[in-house]
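Q: Given the coordinates of chain D, assemble chains E, P and X onto it according to the supplied hints.
Protein chains in written order, with the working numbering: chain D, 52 to 400; chain E, 52 to 400; chain P, 52 to 400; chain X, 52 to 400.
Hints are computed from structural coordinates only; laboratory data are not their basis.
Be a bit skeptical, because a hint or two may be false.
One copy or any two copies: either way a pair holds, since identical chains are not told apart in the list.
Said to hold, decoys possible - Simulated pairs of lysine to aspartate or glutamate, EDC-like, Cα-Cα distance not exceeding 16 angstroms: (1) Lys307 with Asp215; (2) Lys332 with Asp187; (3) Lys54 with Glu99; (4) Lys222 with Glu166; (5) Lys332 with Asp196.
One-letter residues, chain by chain:
Number of protein chains: 4
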Amino acid sequence: MAKKVKVGIVGLGRLGRQHAENLASRVPNCELSAICSVVEDEISAFKEKWDVPFSYTNYDEMLRNKDLDAIFIASPSGFHCDQIIKALDAGFHVFSEKPLGLYLEEAEQVMAAVESHPDQVFMLGFMRRYDRSYADAKRKIVNGDIGEPILIRCYGLDPASQMDNFLAFAKANYSGGLFLDMSIHDLDLARWYMGSEAQEVWAIGGGYARQEFDEIKDAETGAAMVRFENNTMGIFVAGRNSAHGYHIETEIIGTKGSIRIGTVPERNQIVLFNENGAVKKCYDGFLERFEQAYLSETEEFIHCIMEGRQPEVTVRDGVESTRLGYACKQSFETRQLVKVREASLVKNG
Amino acid sequence: MAKKVKVGIVGLGRLGRQHAENLASRVPNCELSAICSVVEDEISAFKEKWDVPFSYTNYDEMLRNKDLDAIFIASPSGFHCDQIIKALDAGFHVFSEKPLGLYLEEAEQVMAAVESHPDQVFMLGFMRRYDRSYADAKRKIVNGDIGEPILIRCYGLDPASQMDNFLAFAKANYSGGLFLDMSIHDLDLARWYMGSEAQEVWAIGGGYARQEFDEIKDAETGAAMVRFENNTMGIFVAGRNSAHGYHIETEIIGTKGSIRIGTVPERNQIVLFNENGAVKKCYDGFLERFEQAYLSETEEFIHCIMEGRQPEVTVRDGVESTRLGYACKQSFETRQLVKVREASLVKNG
Amino acid sequence: MAKKVKVGIVGLGRLGRQHAENLASRVPNCELSAICSVVEDEISAFKEKWDVPFSYTNYDEMLRNKDLDAIFIASPSGFHCDQIIKALDAGFHVFSEKPLGLYLEEAEQVMAAVESHPDQVFMLGFMRRYDRSYADAKRKIVNGDIGEPILIRCYGLDPASQMDNFLAFAKANYSGGLFLDMSIHDLDLARWYMGSEAQEVWAIGGGYARQEFDEIKDAETGAAMVRFENNTMGIFVAGRNSAHGYHIETEIIGTKGSIRIGTVPERNQIVLFNENGAVKKCYDGFLERFEQAYLSETEEFIHCIMEGRQPEVTVRDGVESTRLGYACKQSFETRQLVKVREASLVKNG
Amino acid sequence: MAKKVKVGIVGLGRLGRQHAENLASRVPNCELSAICSVVEDEISAFKEKWDVPFSYTNYDEMLRNKDLDAIFIASPSGFHCDQIIKALDAGFHVFSEKPLGLYLEEAEQVMAAVESHPDQVFMLGFMRRYDRSYADAKRKIVNGDIGEPILIRCYGLDPASQMDNFLAFAKANYSGGLFLDMSIHDLDLARWYMGSEAQEVWAIGGGYARQEFDEIKDAETGAAMVRFENNTMGIFVAGRNSAHGYHIETEIIGTKGSIRIGTVPERNQIVLFNENGAVKKCYDGFLERFEQAYLSETEEFIHCIMEGRQPEVTVRDGVESTRLGYACKQSFETRQLVKVREASLVKNG
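Looking at chain D on its own, in the form it has when it is part of the complex (with noise of 0.2 angstroms):
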């Protein structure tokens, strides 16, 4: 049998920690070796619970531990990019969570360390790919069951009980603005499912319900309408005040018959019959809804290093997401259409 793929974990948030329950107990023929926070209290803790032999508060001394395979990056946005290099230039197979950075040049910066190492693994986790819904429309449309794209709309709405959280967080971080931190996932599947990169994109939104959206520039709900290089269309729906719940939806228009997924994001398989009606519950979150998709990016990231060869998400998908998600944020903020190859890449919006 194969010896066991050796991994350790930066970043032990609420999606740190799922990754590393899924290493340490979900994934086979893989080992959470060593886990990396600056919160000391979730070090001594998540130890023992998973029983990892090494533990770091500094993530240059985890780099320096040679009986590792591989690094997982789960830590803040802010230090992708840094961590990312950082980990490859050591020799390391690197998982990061999105995005590559919070800049567009930091996620070009990635793509050039990321290119100059090819015989390490990189993978970015844009984990819906691996979302089985999700898959089986890449093969249907692959299968040709809907003849050619022509049209997709994705929506990502958060859910509204997480804005306050979120609005003192963005009050006090670049988050990087609603387009770039919600539809990052959205702007991947529509790239993956037309086959085209996007040309044009026009952005608009406000603060509707909390003005404060106003005050940080930001918008709480969002729409993005974009021209594709190949004339397809795409239509972008974002928020922070869905009152429902965690709602991501997406719907292919092709030229004989179209795909919806997750139109009515229903958390499990039971409807309520009750004095307000026909009532089905919706999902919570992200770790509730992609809960499978997260389990099996890992395998694949553990496959992959198992069998010497790279994901199908490139570091290249990183970076033109990004780069459209930035154009989404300057159309939004100059109230102008915009052409995707012309975004300037400022640092600050």
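A: Below, chains E, P and X without anything else, positioned relative to chain D:
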């Protein structure tokens, strides 16, 4: 152009008014010429509203109006048998709301009367057969889309909001009991779709939310299972305590597929997403659910008269459905498996 | 009882016949007194069928019939402007199918005519407002059930089965183009629900399955994104190539919830389970989907006449929806972001 | 950190392999230490794949391995009774797939054995209780969300694609018959949700598409209706000929609402719109539908061992569900209403 069919209606309760409205304003080639009710206030109000030339508080008197072509019976169930026979004997075409009578022997008397007036149109108000979804299901079955039908499941549930009204009525009157009163449409549909008569039945149920049902020896909610002569199966659930509204649902399982009608009794095309989740409002009652069917059956009645033919629903359908309803009632009361042909014909269960 | 409103209809195509049928048989207090069509064969057949006293092949002649109270216009779009103005000038109440005219200036001419005849009822056939689901949505919004509306998304897709017919028509005639012809109802709904006028629009699209659309400078499927004056958002998708049938879908996202209408355009209550899975058939076309709305709007028209009031849908609704449709068209043709108030008023796009 | 629980599994068929995969890779704090199968080829392949230290072709031999903590039984049903008792006697914790045995008396023997080893964990594979939707339904019922449960309806339908395999098996082996083999999970769920034992049952059915079922005195599709001791109702439909796939559906009607689980057994979040309409693919089989439940029940088994407690599912649940299954079988065979407590305990129906 053909002369209009002149109709006199008896009974102006909720359903009677709907029928009268249809006859007066929505059915081509038809004229509402007379209304009859023992409630004098109703008479004067509706006579003017629908511009009806004749009005009566005495049914026999209406039957003496030879200007009329047809009698439409929407009076309380206890009057049906007598009024049908009188109208037939007076030479009119007759439409009667279900049931043919409160007792099986009444139904059989009606059958004899109908058969002795073969040139007059007689139609029984099994309106579901004229509902677009139910009619479409029949076509699909005849077309072989689901192979041979092997099981039918029917739900007939009245809204909980009307339970008090029903209890008040049933304490003072003989309603026929849950299965005769509520399931009669389902029993007809089952015979229609399965193409066989019932052989054996077992019925259970009780008073669950309201023990008064036990006192009147009726069931608040009940279930009956039927074996048909061709060994196919029937499941019937009836109730008076549906929290979400009026719920009529039918499923036919065949050897090659199955059909469901009305799985969620959504009243319109709206889904409301709010903090409860994804919510569909349900139907309020039978007038709302079967509005189109009530109109279409009346159009068919008028067409039959104009074209000198009998409708597809026959008096025998009424008798056999009643017979099965009686067997359900007897099984529920005796707690025994009942052979339908041997169900005793007692008048008061 | 009140005297019946006597109506003359012009145009007996598919929709015209439906209207005539409603006027003749289904709308209380109304009489179909005259029909007008240039197709003589239609005239004789329908005159007898509906028992209509007067028939015309010349519109002006019908206007000279002072026995009539109202004119119902269901002729081809190119005639609307002229026929409306003439009927108003002749003193009749007028119902007209959309659009007010083929060009924005025609719509404005109609508005002037309507405003100079304030005592005559004028109603425009924006029937969706009278559809039960759409009307219920409006009530919910007014009631605050979803908070403040912030985004509306409208789909208007014609069945692929009619694409050839359309192309044959559009090669020989000026149809108005995708957005004016298909989206006009959606544009009206958006203004109605959002309570604001459009400020800016960007529209894209193309000929995907059939390049002939490019040749006639029209779009087979297209999308428009609108910013309203109150900074809310509108997304409009229109198309002529819907594989599954006639698909009218609307979503309104508010600050406290959202409403969807017609997510799956299921034609009836049947779900068929077979080797394909769980299958719902979809609507065939607008007459099937909006049967109730077509009837209800006509009832409202008659009520308005009888009660001496104007309907909620005003001529201004027609003008403003047309203006927005023109801006969509211009944006699609010029590939530019268009300010709606500045959309040039050229006659031929 | 606690020592890992070492498990030996017997039976490596489709479900056995799924369990083994879970034990080897997905369940924390657990180690797959031994596999046992009479099929030698399976042994060598899986020993390497899962890196299992011990392998056996002889069950008794595996029981002599005192390195093991627990035995996991996934062998054919005919072996369960014997293997459970032997494993308990050898001092192991035991997990067994349903049923406890092929005959009621076997189930009772197992119960005696379990009760005489109170310090060993015994768990029966009623995995549905660990399915998120089913568990959520239980919580809602306990919470009073639907008032008092009064009727449960359970569908258990195997895909038609597996009917030939089943017939080949059932001609050569004693399967237990439709109700014991297919409905056993539903019978357990009914007892769990209704909180009462069955009192009377009537069962019907037949061979509809395939008459071979009549030859082996079994039903291709069947229905059973149950009256519980608290006078609530149960309806059970089981079948082996579901055209659209694996269909497990449950409904609990209560005095204040109702719950439906799995109304449409849609396999993922995709709706495909094409010329057939709106189409949802359905589940393929039990491994796909209950993947999460199979994993969660095993996690619970390991937790019970680590925490020295018994699972909620008891051996008595297995015995009583089997008893009810036998009564269904007897009713189907004798065509009589059967009192569950009096169902004769014959070995071969």
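Q: Each hint should be assessed against the structure and marked as holding or not.
A: Here is how each hint holds up against the structure:
{"no.": "1", "hint": "Lys307 with Asp215", "result": "between (43 angstroms within a copy, 15 angstroms between copies)"}
{"no.": "2", "hint": "Lys332 with Asp187", "result": "between (24 angstroms within a copy, 11 angstroms between copies)"}
{"no.": "3", "hint": "Lys54 with Glu99", "result": "between (23 angstroms within a copy, 13 angstroms between copies)"}
{"no.": "4", "hint": "Lys222 with Glu166", "result": "neither (35 angstroms within a copy, 52 angstroms between copies)"}
{"no.": "5", "hint": "Lys332 with Asp196", "result": "between (31 angstroms within a copy, 14 angstroms between copies)"}
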